[in-house]
Amino acid sequence: MRILPLFLAGLLSLPPFDPRLLAQTAPLEQLQKPSAEAVEIPFQEYRLKNGLRVVLSEDHAAPTYSLCVTYNVGSRDERPGRTGFAHLFEHMMFQGSRNVGKGEHSILILNNGGSANGTTNVDRTNYFETLPANQLELGLFLESDRMRSLNVNRQNLDNQRHTVQEERRQNYDNRPYGKTYEAVLDTAYDNFAYKHSTIGSMEDLNRATVEDAADFFKRYYAPNNGVLSLVGDFKTDEALALIKKYFENIPAQPPPPAVDMTEPEQKGERRRTLEDAFAQTPHIDIVYKIPPGNTPDWYALDVLGDVLAAGASSRLYKKLIKEKELAVSVSAGPHERRGPSLFQISISARTVDGVPEIEKIVYEELERLASEPVAEWELEKVRMQSQRQQIESLYSTRTRASLLGQYAVYYNDPRLINTVLSKIAQIANDDLQRVGRAYLKETNRTVVITAPKAKSTPVSK
Amino acid sequence: MAASFPWASMKAFGQEGATPLSKVERKNKAPVSKTVLQVKIPKPVETKLKNGLAVLIVEDHRFPAVQAELRLRGAGALFEPPGSPGLAGATAEMLREGTKTRTSEQIAEELDRLGATSWAASGFGSPDVVLGASGLSANFDAWFALLKDILLHPAFPAHELARKKQRLKVQLRQQRSSSGFLAEERFSRAVFGSHPAAVVSPTAEAVEALTPEALAAWHRERYSPRNSILAIAGDVRPAELIPKLEQFLGDWRTAEVKETLPPNPAPASARKIYLVDRPDSVQTTVILGDIAIDRRSEDYIPMVVLNHLLGGGSASRLFLNLREEKGYTYGVYSSFSALEYPGPWRAGGNMRTEVTEGALKEFFYEIRRVREEKVTDGPLEETKRSVVASFALSLERPARVLSFALTRKIYHLPDDYWDTYPAKIVAVSADDVQRVARKYLNPETLQLVAVGDGRKIKPMLAKYGAVEVYDSAGAAVSAPPL
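Protein chains in written order, with our numbering: chain A, 1 to 461; chain B, 1001 to 1482.
Honestly, I wouldn't trust all of these hints.
[Said to hold, decoys possible] Below 27 Å or equal to it, Euclidean Cα-Cα: the simulated DSS-like pairs (lysine-lysine) are: (1) B:1100 to A:318; (2) A:235 to B:1034; (3) B:1034 to A:322; (4) A:324 to B:1040; (5) B:1148 to A:245; (6) A:289 to A:319; (7) B:1169 to A:318; (8) A:244 to B:1027; (9) B:1164 to A:319; (10) A:322 to B:1040; (11) B:1043 to A:360; (12) B:1456 to A:453; (13) B:1040 to A:235; (14) B:1034 to A:324; (15) B:1164 to A:245; (16) A:218 to B:1169; (17) A:324 to B:1164; (18) A:245 to B:1040; (19) B:1169 to A:453; (20) B:1165 to A:322; (21) B:1029 to A:324; (22) A:318 to B:1148; (23) B:1165 to A:319.
None of these hints come from the bench; they were simulated from the model.
Excised from the complex, chain B in its bound form (with noise of 0.2 Å):
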């Protein structure tokens, strides 16, 4: 294959023998200040209440406002039994329909009043429930208050329960309108195989079995404080918040959760190709991938850097390729997810059925280029900057900040992980930049999956291997298209 870069001025970096494929042109005229901004992300206060329960905080006063966060860990859609998928959603959905004290009704209209806002969610493959709130800082011991009774007392009201299920059930029939549910449902399972991170939707008949006493037992087993992080930042002082958290949540029992993590999933033996036939399409709905890292992999560094590169955004050649030299799409992106255990790469997109074919060449030539020629020095050097300097945009939200500390004690990564994570992009080099793309990115045995009119884009996708087919129902189809 002729070497070839989507970096029309190749030239400015040396770049010998390469037929620019772009139209992509740089004059190299704008005012750049050469120095990288180095920037300090603050350290949260950190602190475990006696009931084991770790503390963040990270105090911000440049507005009336606070926001927090529970990270319940071990109460997540990962620890599902099979055949309950949505059980731990459903748990922490209900929360706040009704307490041992308090109506749906109320809790709602008290949030309200007070100028607060609360949200529970567990997403499948999520190890985690996470309990989340924000509100005005003036009202903090109001709102915190009733959080705490959402949180600890709730009571499963069976014709709350009900109602929630009836609106599942609809939604679950409204998500397999969507072309990025089908798609993403099939990718999963194509991934993730027998691991419960192959689960991306409940299913009518677990929602139907769905009773306030599986709730109430999942809830009262695996809401612990010992296992879980509280993460608050915003308007608030440390030294005041510390006893009154212990006031507020000092009564939360522990309990022992012991969660062992499945086995791992691995990565496919061979390419497989996946059509999910969705008639009246005018689009393919594109994603393909498959299992890399987990977040503590040693390659995480040198993975970041790699997908930046490849699709992490506007100036990446996947989207430089496809959208702006060839004008396939209206965006292509690529991205990892690195959990407690390995989760897939994936690159992905919406292109018009015409050009389905033409897009699929793309994706496995920008793969290839990745894996058989070294990236070079400019735009190594580029992305590299682009991954350290935007660490200077974080700050802007002291959320954000936050999240960098959770993510640190989560994965238990080092204390000083954030201090010295630039010079650790920094150190990435091009050898490093190959040996993952070749490790993790094989096209020989990626997991393709395409949405779309069947009839049109089979013989397409046929080229690349044989095709299985499923309807948007998600069932697999025996006959295949036409």
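With the rest of the complex left out, here is chain A (with noise of 0.2 Å):
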């Protein structure tokens, strides 16, 4: 449905929360509507006296269970000098708390035959497990322990930022094209906020501190800042009670303070061409800024993304990669972010003499977009395509808990789950038009070329 999943967002975040406003627990929604949709979801909404939102969400069909808690902090929350720092705390969870030794929670949970581990991107970090449904005590324990009473010390700090420097490696800087996602944040981004990658430089990780991990904890892995989902075999009334005993007399904290989004109107296109080391063939990405996720524009630039691009009936694919033969991949679409989004298109070409002639190409598809209604079908295929790409994720609860978990924090709103298919299939001719001509236009424009660097002569030659 969308380019780069891993690159989420959104508008709205979470208003502060005074746990003075919700004594009890109390039941914020119930819902088991039907929709016009295929699927519904059902759960329940609870909000601890610590200001933990609990999303719970009772499915028999397998013997498990998925627990997700997503704090509501990415890198957009890091500052100058520190990048990497918020990624580089999510190892830091793994490494023991007061009732859990270094590196036991990822046995506890592998030895009872379940699978965990956690993510960091820009506007979010979360956690989570699957287990048998047997262990539900287990992952509420380890959640809360280290919510609770995370150790944070100085071996375990320079522990995993040796782990976290090798992923760097791995992910950026010993594969082709592992440094262009950087630039074209670089590029594109004015603000600091999202200017600068989750995983951070190699300098920055160096310069983390121990007291840096231990304000970092305090400020944003309180209850308050956070939501916990819980998806699966479990009765809802038990799972509560567990949640309760486990949870509610952990102290809630300040509210962290509010990040600047701003990003001022880009007035002309930027570019920006690198050479790859690795890279055989040229690459080319070309972004433009759009609003945040969520938005009725955000849905019509995915929908645009995928008559683009999803699938070999779409536009560029038929024309780059079958009728011109100028590439070799193609994909579209808007990230999903809290704040300032990008809609981006991203082409392997074949060789750098056709890089001027796609990019040609791509800007009058474009053009057409904005100034033609697509046909019928084009429509009808993506709400069919976005429908059974919904489906079978939702198959595996630990989607759905992240899924949950993700919306409450982005957007305040977990029924998203249930409704955003209903969003895509409301997007019609003229929003695409209207986005079109609002978002895609050349001064709004990044376009960042990745180019083979010239052969250096192997040493072993």
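Starting from two chains that each stand alone, build the complex the way the hints lay out.
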């Protein structure tokens, strides 16, 4: 449905929560209503006394459950000189807490048949585990113990700094096009919040101190700054009782400071070319600044991206790959972000010589989208494919738990799991032309071309 | 070698005299249910169509979607004639580029509009072509009919094949930029030798030589219902579906596809070290291992336990040692492939260039340790518990349930194979683990591939034996790097 699901986003942050307003646990809403869409995920919401938001979705289809804790912190919250910190900190969350030894978290999960991990993006950090249904208490205990009492010490920090630096080498520095995305962000954005990558720079990772980590934990990893979502084979009242037992006496903290996400209007095209020592063929990224996720314009751009490049019947696929044979792959669509987002078109080209013509064709197609209605079958196709993709992802309790947590943190609206398809279905031709004209224009464009570096002589020759 | 363990909580299991290397620490305070959740993998409905096609169906009405997978036995890359690497894969990928009555564009448009997707491929070394599809159940009849057209009446249009060849040749170039591909290529050649599974990629010459006639012949001679299995999972009712499948696929003619497997690959008799020089690398991609077992081997179950203990995940010995203790890598894992013929056990990962030597030392250390020291009860029980309990998680996806049934059918395993699988895992003893470790993981004869900055890592590799050097084009380099 969208390119780069790794870089998710949105507009509204959770309003600062005052724990005094909800002195007792109370269901915020109970959603069972059928919808026009094929799939309805039922869930219930609660808020604990300390502000922890809880979303429970009971489902007895398989004897498993997934637990996800989503914290309202991402690389957007980092400051200059400390890039990569939110993600480095995510690694620290597996290094032990008061009642869990270093590394014991993963061992307990795996040895009981489960799987676990955490991910950090620009707008949020989450932690999740999937376990057999009879280990419900284990998952809740592990998540609560590290929220309450993480061990932050120099030895763990240094060790994880090395691991993260290897992660950076593996995913950025030692692979073709690994540095392209950082160049795209750095060129397109003006505001520091989204201008830097989540992995951060080697230098900044080296600078991170134990004090940084301790402050970060206290500020962001508070119950009132997170959402616990639980999906799967449990009884809601029993699960809620256990959640209260393990989480409710973790103290709330003052809400973290809001981040300035304002991005000045772009006045002209920006271009950058990088040489890549590993790349064998050129790569073109064309991006436009667009509104945050979960806005009408964002959904229209999502549909527009699919019309351009989803599947072999899409316009750019047919033109660039089949008809002109200038490219071998193409993708297009918006990143989902809580703040100013990007619409990205990525093309793997056959030759450097073909790059100007590829660009010309892309701009012609964008112009066509802004000036002519798309065919009804193209809209129908996007709706059907979105539906299929959503259904296929929802088999997994982990996906459901992650989406509920993310929609709660991003937009204060976990119901989006059930309404997002109708928002896509409502997009009409007028919307596509409107957003095409408003955002996909030359002055709002950033072009980054990654070219193979002229061959150096290998040392072995 | 001193006995030492990455399980810092060894004392919890009464381990004597061990100096824990790792900082991993266990407090044993978490509430763990002692029962291992017993799950029963549902059995799919099994039938055979009149033309001989085996059908497996898993009914699951949670969501209005269906996944289908057709495994065409004997049509895979394993049986490609020498000099034609990529023929099976290209035939599969060209299925949806045109039929007798539909153009490539029409197929793409129809599939997309129906909310369906399809793909077809044959992995190198695989005896099968797999044609997969998924879509909304409301439109099942329409997209399955389209799939039938793709499967039975492909036209292999010359102009589409010409385009496909162009794209393939670019992809051949692109894959050489990945250290993972270069390592895979060299490792497969090292362990498979003259066995066809040594091939992991087409060549530009073989791609150039592809013709519509060659693809059509491969399709005509090898795509047969008699050898094949159709697996369907999701929102379907077998009683309605089976007659429909008869109707859809009844006119699929049967061809005699008899394939004899090539002689089995054998484990190496001497350790060999391969360096693929990739200038500008900041990490070394390492793979080491050797030919182990096939899927029907009686050692399969103990190998599952051994591999899980050694490198099967983030609680394994290799991961805890090289990542969690030493910080050498973002991740290190081991795995083994076991098909109709023996495949390799292997371990590997990406290590920063400077610690390549240290990482190699730890790989060898962990392999020697699992051979020389019997695994103690605590870690063994935990490993087995992990394997058995993770079974429950596979029930979330109907397609996963189906894959168990497929495995049973393809390798002719007993009907109750998955029912008794947990008990078989539980029955594995420390002696079993040590026995298979000694049999299949031999540090003196394993094949070691390292892709990285040749100038820096060659001296480190040379400590383990004579180093053969290759460039990133795959060619042997006569003069070794300085």
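**Q.** Hints not upheld, ascending by number
**A.** Violated hints: 3, 4, 5, 10, 11, 14, 15, 16, 18, 21; rest satisfied.
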